[in-house]
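Asks: Spelled out from the first residue to the last, the chains are:
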Amino acid sequence: MTDAAAPGPQTVSRSLWATAWLRLRRNRAAMVSLWVLGFYILAGIFGPMISPHNHATVYREFVKVPASLTAYPRPDAILPQAERVLSRARLTLDEIALDGETLRIEASSSREIDPRVTRYLDRSNLFSNARITETSPDGTRVVMEADVARVHFLFGTDANGRDLLARTLISVRISLMIGALATAVALVIGVAYGATAGYLGGRIDTLMMRFVDILYALPFIFFVILLVVFFGRNVILMFIAVGAVEWLDMARIVRGQTISLRRREFVQAADALGVGSGGILRRHIIPNTLGPVIVYVTLLIPKVILLESFLSFLGLGVQEPLTSLGVLISEGAKDMRGAPYMLFYPSLALTILLFALNFLGDGLRDALDPKDR
Amino acid sequence: MDDTPVLELTDLRVRFDSPDGPVEAVRGVSLHVARGETVAVVGESGSGKSQMMMGAMGLLAANGCADGSARYHGRELVGMPKTALDRIRGRHVTMIFQEPMTSLDPLYRIERQIAEPLMVHGRLSRRAARARALELLELVQIPRAAARMQAYPHELSGGQRQRVMIAMALANDPDLLIADEPTTALDVTIQAEILSLLADLQQRLGMAILFITHDLGIVEAFADRVYVMRAGRMVEEGATAQVFAAPARTYTRMLLDAEPEGRKAPVDASAPVLLAGQNVNVTFGGGVGGFLTPETPELKAVQDVSLTLQRGQTLGIVGESGSGKSTLGRALLRLLPSTGRIQFEGTEISVLDRRAMRPHRKQLQMVFQDPYGSLSPRLTVGEIVTEGLLVHAPEIGAEERDAAAVRALQEVDLDPAVRNRFPHEFSGGQRQRIAIARALVLTPDVIVLDEPTSALDRSVQKQVIALLRDLQTRHGMSYLFISHDLSVVQAISDSVMVMKDGCIVEAGPTAEVFSTPRTDYTRRLMRAAFDLSAVLAERAA
Amino acid sequence: MLRYVLRRLLGAIPTLFLIVTGAFFLIRIAPGGPFDRERTLEPTVMENLNRIFQLDKPLWEQYLHYLGNLARGDFGPSFIYRDFTVAELLAAGLPVSMTLGSLALLTALLLGGLLGCIAALYQNSWIDYAVIATATFGITVPNFVLAPLLALIFGVWLSWLPAGGWNGGTPANMVLPVIALALPQVAVVARLIRGSMIEALRADHVRTARAYGLPTRMVVVTHALRSACLPAVSYLGPAAAALLTGSIVIEQIFGLPGIGRYFVTGALNRDYTLVMGTVVVIAVFVVLFNLIVDILYAALDPRVRYD
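Protein chains in written order, with this note's numbering: chain A, 6 to 378; chain B, 217 to 757; chain C, 6 to 312.
Some hints here could point you the wrong way.
Now the stretches of chain C that chain B is said to cover, found in silico as 3 or more residues with beta-carbon under 8 Å [said to hold, decoys possible]:
| id | stretch |
| --- | --- |
| 1 | 88-97 |
| 2 | 228-242 |
| 3 | 270-281 |
Partner residues are not named here, just some residues of chain B that face chain A (Cβ under 8 Å, in silico) [stated by the list, open to error]:
| id | residue |
| --- | --- |
| 4 | Ala572 |
| 5 | Arg574 |
| 6 | Ser592 |
| 7 | Arg594 |
| 8 | Gly604 |
| 9 | Val607 |
| 10 | Phe638 |
These are computed hints drawn from the structure, not numbers from a lab.
By construction, the Cβ of each residue, glycine as well, lies at the ideal position given by its N, Cα and C atoms.
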């Protein structure tokens, strides 16, 4: 057997990253998750901009209307509503009809009708641009027209009459933002701490890791609650607090990786070449810790989102008029008998997001660390 | 007397499903083992010799499957229901494996592990099984057997663990013992002991042994008949003496010729000394127990070692595992903290810190044992080979570095086109060539070679040694060649040091040490390595 | 062994001390006080209250006082539940939380372990995929989504089980909370056991057991499962501590009188003693279960030594 000049078996050379990407592409669940995640990110960024309703707008007429594809107000609800409104104007309604988007009313009164009567209609959120089209010569009979504002609530509205779709979209934005920022905080602290401990080794490492062990023994979720309760409900503070809790695992992973890499012969070989600490970290240690770190980050994001939703669920998270999936789910749970859709849609949005992130994380782990299969 | 073979394989095939499609590990092999016979299957790594036996005994990994025929006393094993197979495995046919470290369950005492097959197959009571286990431990000559019964595997040495495995294998008086590289992970002296124990037990108990190995020395000393396997097929078979004397196939001849050969003439006594160590000591642990750190026992890995390395010289350092030879090599390159003086070209380098040491690193290079672990997996071969230039010749540009990579790869007989590939695309021997190229690119004066050929097959080993020797004559470098393999050291070095427990036992010109060893330890080492048949014969007598 | 336990328990005292100190000052430096909500209180009444609860003394004196009481096992009076001491509140709530928690823990261990083993033994079969899918579901769906859904489906729509309430610990009232508590843990345990079991089944020593014709049950249970248990044991320590000290979410959704809710209500109302009491209980559980994990680990793996 000769091993000399024979080049590698493949004709196209692939780095480990490229191979991992190929493996990931073959994982259908992970690829679907990637698309779902992309959709969520787009929805989080642009959704609130293109949504027809603002997440804070209150529709007092449409409190807790169920999710529906058809527009509100329902046709059979419009006429009674118009009658009720106009009854305050002390008019006799002779004829009232809905023609597409336009309401047509013939009304009469014993006295002359003030043209300002249209304001009664305008005052209701259902109708706009009320106008008098015909007036009888004596002024006791009028024909009025008003546009009916037809609005869609695809996810229904909440107990205050705000559009649940808009609120879900803004929640997705908040969740993704907190997920990304808190993970970044955890990443920075964890990688710096773990790499330092692992690279320096010896007594410093022992001390640093003992500190992490003590922190592990603390009921940390409760400290987060304490922080949030006492220092105000602030989105910025939230993700710093969450990130500050979640860095421990990251530090352990990075430290373990660094230590095992330092023992590897290729790091010793670089040492023997006279490569300095910086070069060793940059060329040999960091590229090789990157795989596990990426996997961990992908799995950390859903954890953070979950933690934030959990705090919001407890009423400790973001504040009105902003909202988060946890808040929506909590509100839905309170009212699940009367309005189950209020629980259903935010729950679905959160669950799908978490599923996508978890599947992607698992897929990345399989792709970057194929010995597990 | 019934003359059906104990084991007969006919056209056995083993296939594995892998993500890249099915892989045929064994492509139709036939062999037979007669009663009381010792048969060896020899082949290089990847020849399928282990998977063949796993396939026959129903021990393949979940993604593997065997077909063809494997008969024990005429009974077909392939496709036999598991319960029926379990009445043969561990009772009539037993196995011992390569890794004594992991083949025993770390969570149970030795006693229980030996007793289990006795209770399952021999239907002995727990108490009877224990008594028998003790007998067996005494049979395999474990000192203080009664005390060792209560030991856990991690409390035993490698050789002792392999003895425990043999005790387990003998528990139910098997007809056939399959030994899959049982001594590969052991030192040569321990290997000789285990082999003579096996030979001795076979003579007394009369079972057949099927011995799977890559080591032709063992085959020659140990086996009646031999099968040569390559790439999943049998290449040759025959009586051992006959195959060794007159191999019919070129592959067998190539294997037999793969013993490293050649000798190196000593350098001229007036050649300048490049590297010298005086009273070098390396100590691990010994930390005083503090508030947070537990006390660690002190381990003197290298004790008072002095040596000189002249220009053009190759100094071989031999020793068994744990003798401190690798530690010494690293300490001389100042990769480990040590005490004592180390001089390079007259400069006292033992007092230099990391930064001050850096300029000297250009002259002092190292090649490591593990061709899979010593190349950074995410860099291209070109980047790996030229990394040293980034440190020692930062002024040169990318183009010049590339040219240097091409030259270095050509020096080690690799196609320069491979420099854009990644290490995982190469075989072990090719990787070791890349590692050598990495050292060469800096044109060093001294290369410390730490077991550079131990992880390679014999035939590849031979090529790497030839390459090293060739490079030495071309560039006049000095080598510090660390190895446990005496034949390799004999072939490449002109002087040699024998290490044991951190100390130098013996040192001198290679020819002298190998022909007339002065100490007992060296003599034992030599005999175990070169004269295995004599050791076994002596034992049998 | 006994010495080891004693030493570990002694070693836990500084940790507990740190937690108590940290929590005490963290609460006190936060703005607000326990009686802020009752704005109508006259200054004299306020002074009286502060004197009764010793809030008028310097902080360090209060701290020493609290430590002294704590050492005697006295958690002090609650500020918001005026008629109860914190010890009484905890004594009432802890059995509820512990009952639910231990049931959930048991379910997680047995069901998770079983599912994980089966999946590992039939790796890459449909059973395996079904277990993985279930486990992913269990890990992904948050308990504050799962719990209301369970209550809605089984409590409201189907009316099979009560949708909430404790009802003196009637088994029917425990079913849904235990499921909601256990499901995520079942999922994690199943995944852990599956992974380590697959690895263990490939281990050399398991191959040895198979090569020696040991019966399947013995190979799987004695030789593979024991080493496969180790990661699950280290995971379950902290998880058990969390389960037994109650879940705020589950208690809130099902309206259960456990101790999980005391923390949040206590913190929101600046009920200093109640928050401290909960923190101490939780910290003790965490420390205790870390110790149990270490002892179990050493019992399962002879390579681990007590030192």
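Asks: Look at each hint and say if it fits the structure.
Replies: Each hint, compared with the structure:
1. 88-97: Coverage by chain B is violated for the stretch 88-97 of chain C (0 residues, Cβ < 8 Å).
2. 228-242: Since three or more residues must qualify, the claim that chain B covers the stretch 228-242 of chain C holds, with 3 doing so at under 8 Å.
3. 270-281: violated (count 0)
4. Ala572: Not OK, violated: B:Ala572 not within 8 Å of chain A, min 11 Å.
5. Arg574: With a minimum Cβ separation of about 4 Å from chain A (threshold 8 Å), the hint on B:Arg574 holds.
6. Ser592: The hint holds - B:Ser592 has a Cβ within 8 Å of chain A, the shortest such distance being about 4 Å.
7. Arg594: Result: holds, 4 Å to nearest chain A Cβ.
8. Gly604: Check passed: Cβ of B:Gly604 comes within 4 Å of chain A, closer than 8 Å.
9. Val607: Given a least distance of 5 Å, the restraint on B:Val607 holds.
10. Phe638: 5 Å, holds
When the structure is compared with the earlier hints, violations turn up for hints 1, 3 and 4 and for no others.
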